[in-house]
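**Student:** Here is what each chain is made of, one letter per residue.
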Amino acid sequence: MKEVSLKINGKSVSLDIDPATPLLYILRNELELNGPKYGCGLQQCGACMVLLDGKATPSCMLPVAAAEGKEVVSLEGLAKKDGTLHPVQQAFIDEQAAQCGYCLNGMVIHAVSILGENPTASDTEIRKALDQNICRCGTHARILKAVQKARRS
Amino acid sequence: MSNRRTFIKQVGSISIGFSLLGPFSCISEGKSSAMPAGKKEIDPENIDSWIELQADGKLKVITGKMELGQGISIAIMQVAAEELQLPIERVSIQLAETGVTPNEGITAGSRSIETSAMNVRRAAACAREVLLKKTSEKTGLSMTEISLEEGRIRAGDNYYDWSEIMDGQEQQRVFEPETYYGKTKRKLVGKPVPRPDLEKMIRGEEFYVQDLRFPEMLHARIIRPPSYKTKLQSLNEDLASNSPGFVKLVRLGYFIAVVAEKEYEAIQIQKKLEQTCEWASEPIPSSPADLKSYIKSLPANSNIDEEPGDWKAENKNSTIKASYSKPYIMHAANGPSCAVAIYNDGILDIWSHSQGVYPLRDTIANMLDLPQDKIHIKGVPGSGCYGHNAADDVAAEAALIAKELPGRHIRLQWMREEEHGWEPYGTAMIMEHEATLDESGQIATWNYELWSDGHSTRPTSGDPANLLPARYLNKDFGVPGQGWRGGAIRNAPPIYKTDKFRLTSHIFEGPLRISALRGLGAYANVFGIECFMDELAEAAGKDVFEFRFAHLEDKRAVDCLKRLREMTFNVSPTPGEGFGIGFAQYKNSASYCGVAALVEISEQNKSPVVKKMWGVIDSGECINPDGLKNQTEGGMIQSASWTLMEQVKWNSNGITSLDWQSYPMLRFQEIPEIEVEVIDRPDMPPLGAGEAAQGPAAAAVANAIYKAGGKRFRDLPVVR
Chain C
697 MKEVSLKING
707 KSVSLDIDPA
717 TPLLYILRNE
727 LELNGPKYGC
737 GLQQCGACMV
747 LLDGKATPSC
757 MLPVAAAEGK
767 EVVSLEGLAK
777 KDGTLHPVQQ
787 AFIDEQAAQC
797 GYCLNGMVIH
807 AVSILGENPT
817 ASDTEIRKAL
827 DQNICRCGTH
837 ARILKAVQKA
847 RRS
Chain E
14 MSNRRTFIKQ
24 VGSISIGFSL
34 LGPFSCISEG
44 KSSAMPAGKK
54 EIDPENIDSW
64 IELQADGKLK
74 VITGKMELGQ
84 GISIAIMQVA
94 AEELQLPIER
104 VSIQLAETGV
114 TPNEGITAGS
124 RSIETSAMNV
134 RRAAACAREV
144 LLKKTSEKTG
154 LSMTEISLEE
164 GRIRAGDNYY
174 DWSEIMDGQE
184 QQRVFEPETY
194 YGKTKRKLVG
204 KPVPRPDLEK
214 MIRGEEFYVQ
224 DLRFPEMLHA
234 RIIRPPSYKT
244 KLQSLNEDLA
254 SNSPGFVKLV
264 RLGYFIAVVA
274 EKEYEAIQIQ
284 KKLEQTCEWA
294 SEPIPSSPAD
304 LKSYIKSLPA
314 NSNIDEEPGD
324 WKAENKNSTI
334 KASYSKPYIM
344 HAANGPSCAV
354 AIYNDGILDI
364 WSHSQGVYPL
374 RDTIANMLDL
384 PQDKIHIKGV
394 PGSGCYGHNA
404 ADDVAAEAAL
414 IAKELPGRHI
424 RLQWMREEEH
434 GWEPYGTAMI
444 MEHEATLDES
454 GQIATWNYEL
464 WSDGHSTRPT
474 SGDPANLLPA
484 RYLNKDFGVP
494 GQGWRGGAIR
504 NAPPIYKTDK
514 FRLTSHIFEG
524 PLRISALRGL
534 GAYANVFGIE
544 CFMDELAEAA
554 GKDVFEFRFA
564 HLEDKRAVDC
574 LKRLREMTFN
584 VSPTPGEGFG
594 IGFAQYKNSA
604 SYCGVAALVE
614 ISEQNKSPVV
624 KKMWGVIDSG
634 ECINPDGLKN
644 QTEGGMIQSA
654 SWTLMEQVKW
664 NSNGITSLDW
674 QSYPMLRFQE
684 IPEIEVEVID
694 RPDMPPLGAG
704 EAAQGPAAAA
714 VANAIYKAGG
724 KRFRDLPVVR
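Residue numbers (our numbering), protein chains in the order written: chain C, 697 to 849; chain E, 14 to 733.
Just so you know, these hints were derived from the structure itself, not from any lab.
Hints are supplied without guarantee of correctness; some may be wrong.
Incomplete in silico selection of chain E near chain C, CB under 10 Å [what the hints assert, rightly or not]: (1) D210; (2) E219; (3) S338; (4) L679.
Examples of chain C residues lying across from chain E (beta carbon under 8 Å, computed) [as the list claims (entries may be wrong)]: (5) N725; (6) K777; (7) Q785; (8) C831; (9) H836.
Keeping only pairs whose Cα atoms sit at most 25 Å apart, straight-line, the calculated DSS-like set for lysine-lysine is [stated by the list, open to error]: (10) K624(E) / K824(C); (11) K707(C) / K213(E); (12) K242(E) / K213(E).
Ideal Cβ placement from N, Cα and C applies to all residues, glycine included.
Based on the provided sequences and hints, a complete structural model is requested.
**Tutor:** Below you can see the structure in the form of structure tokens.
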């Protein structure tokens with residue numbers, strides 16, 4: 697056990713925890729966040745993505761200690777304080793871009809990251825980046841429309 | 014009256030419905046661990062089994078079905094809101110829960126709109142007619158002066174709350190209402206009303222069974238053997254008990270689970286034990302490479318299912334033959350299966366994403382030798398399942414563990430390799446066709462022979478053998494027997510007119526664990542039939558649309574295909590591209606669905622790429638066109654993925670498709686552009702739709718690949 701200090705969704709937290717624990721389990725179980733999901737634990741599906749200093753990163757294998765000193769933003773941290781959704785989140789609702797929705801966390805977080813790095817990312821660039829994220833319901837076409845819509849806004 | 018109104022206002026939202034003592038109690042939204050108080054039988058003939066009018070002008074609809082991501086919730090809410098003239102914001106939904114909702118069996122077979130939504134619609138229309146009639150009696154006004162508005166009753170110039178009209182004591186039975194507003198007004202029905210649950214998901218609110226947390230909740234993991242038929246040789250228990258966070262090792266026969274304080278601790282102990290456990294396993298026979306010959310060598314339960322006319326060709330020389338096959342395919346949920354359970358004071362509470370909470374309850378009761386009324390299962394959405402995956406298994410495992418550790422909530426989620434390796438797959442099948450054409454190019458005779466394992470090992474009969482852990486317990490419940498023949502022959506009789514036809518099915522017991530996967534046998538049957546239709550059209554020298562029209566008698570089938578042809582009229586494939594179609598009426602009784610695909614095989618990339626897909630679906634009365642499109646788009650993409658690249662692999666030691674690299678599926682860079690149109694028929698009954706696209710999409714892709722100058726791929730997947 698070791699004390700680990702994190703900055704998550706703008707708040708500082710200190711935890712006495714095994715520093716090898718992957719960040720995902722800390723977010724879900726210690727901090728009770730629902731956004732990041734367990735999908736594979738192998739960095740193959742993207743369901744667990746969070747923003748690490750603004751860049752979409754799988755959290756399922758990342759030791760929590762490696763997130764120290766970095767800004768972690770989860771799905772819950774995207775909306776404004778007054779509840780207004782992030783434009784990417786809003787675009788997903790506008791396009792009804794979900795079926796079961798289990799992959800949505802990764803899709804939204806990754807889209808925020810892609811458009812954050814390059815607000816004019818091409819469709820090909822968006823597809824290439826989102827290739828990391830699995831959707832089993834086949835909602836891809838709608839998800840692409842949602843990201844394109846968010847890009848316009 | 015004023016006293017009663019005051020009381021109702023004070024307590025907020027009390028059921029005033031059609032029985033004040035309706036089926037609801039403290040279990041409302043989520044997390045209570047108490048049993049529902051009302052033990053009364055939930056009679057589907059009572060209005061309040063389906064809807065609950067609340068004193069504040071809100072409505073709760075009650076369904077025995079589960080939300081699987083298919084969007085059933087919004088559709089059921091829409092039909093009820095329409096009948097009671099409520100804005101959708103005032104409507105909520107209660108999903109399947111034992112002792113609370115009607116027992117509607119399994120959420121499967123694309124039947125939820127046809128059954129549950131129609132039950133709710135009828136109950137809501139009945140409620141409206143009772144409310145209006147009682148208002149007329151109370152006020153003396155004629156029915157034409159009374160209407161429902163925003164959760165209140167307008168009678169002339171006066172408004173009444175529902176509670177002022179209903180005294181709440183009287184049980185009302187459902188009847189056949191005079192009018193369905195869903196057919197006459199259609200203010201909400203037939204409109205693309207957005208799904209209210211999407212915002213919960215997008216904000217990261219507690220929504221999935223995976224998200225449930227309870228005070229002092231413990232985490233469990235299972236120690237899996239390497240393969241199906243196995244016996245434990247040795248287990249180092251000290252390795253577990255000396256690990257951080259260790260709480261308990263549950264050992265019931267060969268069923269072994271570890272429980273720890275923290276989830277990651279449980280995972281680490283699981284890994285350690287799996288590495289050191291010794292098992293004696295029987296090899297899995299056969300291999301993916303020799304599967305076709307292996308299947309044919311198995312003993313089979315054979316049956317001639319249909320034989321109108323004498324199918325035997327008069328002229329054997331002109332017989333056209335083709336042998337197709339599909340491999341084992343996974344449900345492969347994005348989120349591994351999960352359940353939470355607690356055993357307290359003789360009561361077992363389970364939270365599960367099962368598709369059938371009542372059948373699961375009855376089967377777990379038999380496994381644990383507990384009375385059914387001591388088990389309560391609440392349905393909570395999980396990751397999309399597309400059929401019978403491990404949802405029931407994980408609930409049974411959590412129940413076994415909880416019973417060994419009374420008083421604490423146990424959360425169990427499978428790891429990725431467990432989900433891939435232990436779920437029951439959609440079975441492999443072989444589909445062999447032979448046919449003859451007459452002089453005019455019409456099909457004269459058609460013989461279809463298929464080989465399939467069963468397609469369902471759901472726990473519907475109450476037999477614990479259908480729950481994975483039951484086979485490892487001291488009281489060995491064995492493995493499920495032969496599955497349901499009906500799943501194998503789903504859509505096996507072609508929709509096309511042939512006077513002489515024979516269908517023979519051979520049901521075998523294959524090497525891998527199987528159960529229901531989206532569409533059951535229809536995916537493979539339609540794939541084979543629709544590819545064979547293209548092969549016959551080519552032999553007859555006919556256009557693929559025209560050849561189908563020449564064999565179709567059902568006008569809706571013709572309309573659907575004509576619409577598909579119009580949509581794709583301007584498509585002109587360039588060299589290296591191919592265009593193909595597929596069509597079926599799902600189950601030969603549900604939705605009509607036609608799919609077209611444009612595929613490219615380039616010089617650089619020898620693997621076919623699906624560039625665009627078009628779909629047309631006629632599901633009769635469409636409740637929510639956006640939901641229907643979403644399901645159809647998803648079905649088309651999922652089917653394209655199955656068809657192009659999905660195949661469970663194994664060797665004698667066990668399953669080797671254990672992650673997303675060893676079981677790849679279609680990802681964003683290969684996703685086609687998608688266009689779907691709905692043919693809405695408001696006057697017709699709604700037809701099941703969720704599985705309609707699987708078969709047609711598979712055939713469209715394979716037929717397009719052939720036209721692209723590629724091969725005729727008869728053995729799936731295309732890319733091996």
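**Student:** Holds or violated: is there a CB of chain C closer than 10 Å to the CB of D210(E)?
**Tutor:** 8 Å, holds
**Student:** K242(E) and K213(E): Cα distance at most 25 Å?
**Tutor:** 42 Å, violated
**Student:** Classify the hint on E219(E) as holds or violated, based on whether any CB of chain C lies nearer than 10 Å to its CB.
**Tutor:** For E219(E), the interface hint holds, since the closest Cβ of chain C sits about 6 Å away, which is under 10 Å.
**Student:** Quick check on K777(C) please, does its C-beta sit within 8 Å of some C-beta on chain E?
**Tutor:** Constraint on K777(C) not satisfied, violated at 13 Å.
**Student:** Should the hint that Q785(C) touches chain E count as held when the rule is a Cβ pair under 8 Å?
**Tutor:** 5 Å, holds
**Student:** Under 10 Å, Cβ to Cβ, is where S338(E) needs to be relative to chain C, so tell me if that hint holds or is violated.
**Tutor:** 23 Å, violated
**Student:** May I ask you to test the interface hint for L679(E) with respect to chain C, counting a Cβ-Cβ separation under 10 Å as satisfied?
**Tutor:** Constraint on L679(E) satisfied, holds at 8 Å.
**Student:** If you take the shortest Cβ to Cβ gap from C831(C) to chain E, is it below 8 Å?
**Tutor:** 7 Å, holds
**Student:** Taking the least C-beta to C-beta distance, is H836(C) closer than 8 Å to chain E?
**Tutor:** Since the shortest Cβ distance to chain E is 4 Å, the answer is holds.
**Student:** Holds or violated: K624(E) with K824(C), Cα cutoff 25 Å?
**Tutor:** 16 Å, holds
**Student:** Straight-line Cα separation of K707(C) and K213(E) no greater than 25 Å?
**Tutor:** Since the Cα atoms of K707(C) and K213(E) sit roughly 22 Å apart, the hinted pair holds (cutoff 25 Å).
**Student:** Checking hints one by one. Is N725(C) an interface residue toward chain E, by the C-beta closer than 8 Å rule?
**Tutor:** 6 Å, holds
Hints 3, 6 and 12 from the earlier list are contradicted by this structure; the remaining hints agree with it.
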